[in-house]
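Using the sequences and the hints given, assemble the complete structure.
Here the sequence shown stands for residues 1 to 380, where the numbers follow the UniProt record's numbering.
If you are wondering where the hints come from, they were derived from the structure by calculation, not from laboratory data. One should not assume that every hint holds.
Said to hold, decoys possible - Cut-off 27 Å, straight-line C-alpha distance, at most; resulting in silico cross-link-like pairs (DSSO-like, lysine-lysine):
no.	residue 1	residue 2
1	Lys348	Lys175
2	Lys335	Lys259
3	Lys145	Lys107
4	Lys348	Lys145
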Amino acid sequence: MLMRKAVILDGNPFVHTYYAKSSRQLIEETGGNTGNLAFRFAVVSHVRNHVHLPWSTPVERIRSAGDLVVLPLANQLGRHTDLGRQADKLEAVGLPVVGIGLGAQAKDMDATIELSEGTQRWLQVIASQSPSGAANIGVRGAFTKTQIERFCTMPAATVTGCPSNFLNLDFDVGKAVEDGFRRRFDCIAVTAGISHIPQLAGIEQQLAGIVTETQSAYIVQHDLEMLHLARGEFAALTPEQFGRNKDYIQPRATDDEFKAWCRRYAIGLYDIRAWMEYLRRFDFVTGTRFHGVMLALQAGVPAGCIAHDSRTFEMCTTMGVPVCHVSQIDQPLTKDNVRSYFSFDADKYREIRQQLASRYLGMLDAAELDAEPRLRALAG
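Quick look at the structure:
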């Protein structure tokens, strides 16, 4: 079969010379969150014959660069987005479209999402430009699929989970994580939150305490202020910004003590391969950042996600990722009790992962894309 060449729009996972770039540039190039590099890298790894182009590329150049558009997606479904311009561009390009990893953003799983007119049209344009007439949007879970069905009359979505779940196709992730859960957790890294979610401040402070006690790492992903802290760029923050972050993470520290703590423990990572290698030194990774947790699991390191919204909880439950909803935490988190909030079933994880890989591969095959052979082997 002659495979189609994919044009991956705005999904480049490679941030070149990141050491020479400003924190603002890093945030912009990673779509506002360095964790986005995880699913971007996954899509690039799974679709072999492709070219990367930014959304700013002229329509004619996109159309002539390949046979089909691939969109690495995140939590675009919600009232926080207006994707009308992207809808216009996709219509103008006129190529078939496949979307990978779309999620719906809502407070909880009982809510129904609201979409702007532009985002609703964007969703309908993608669905109408299916390469095969079958579902062409891989979504993060059943909640997202149900929400899409409210706006699309055609069968547009199939549950594939996040493509980052298939980053490691080289060894048995389930066995490695299961073996790790049997060992002591002496060094526990944390995926850092942000100070704009005040209801999580208490948990964030407890997690920061675990970082200090276990001499580990506080791994930032979002937002710009957090990158400034991780890079020691304290002068880039206003006094209000610095104080808000200090009070969120270490309210009892002096300014100098907090700066010293950030220099010792806070870190940002901008290459997925190096990020996964870095995580191998820890016994356990936890926090409110899904992709930070997923990268640990894909590196074979035990990890658990603390969920506080539908997007995170849906992804974890869909893929068998250890998860604890914030409402379930009934005592201060410590080095000794944090593992009690998470469990991991290796057999269940393998079974779910294979099922999701099979659906994912089915969508790629229906689009006549050149899928990575190791993904095909995982799908069975």
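Which numbered hints are broken by the structure, listed smallest first? No numbers; nothing is violated.
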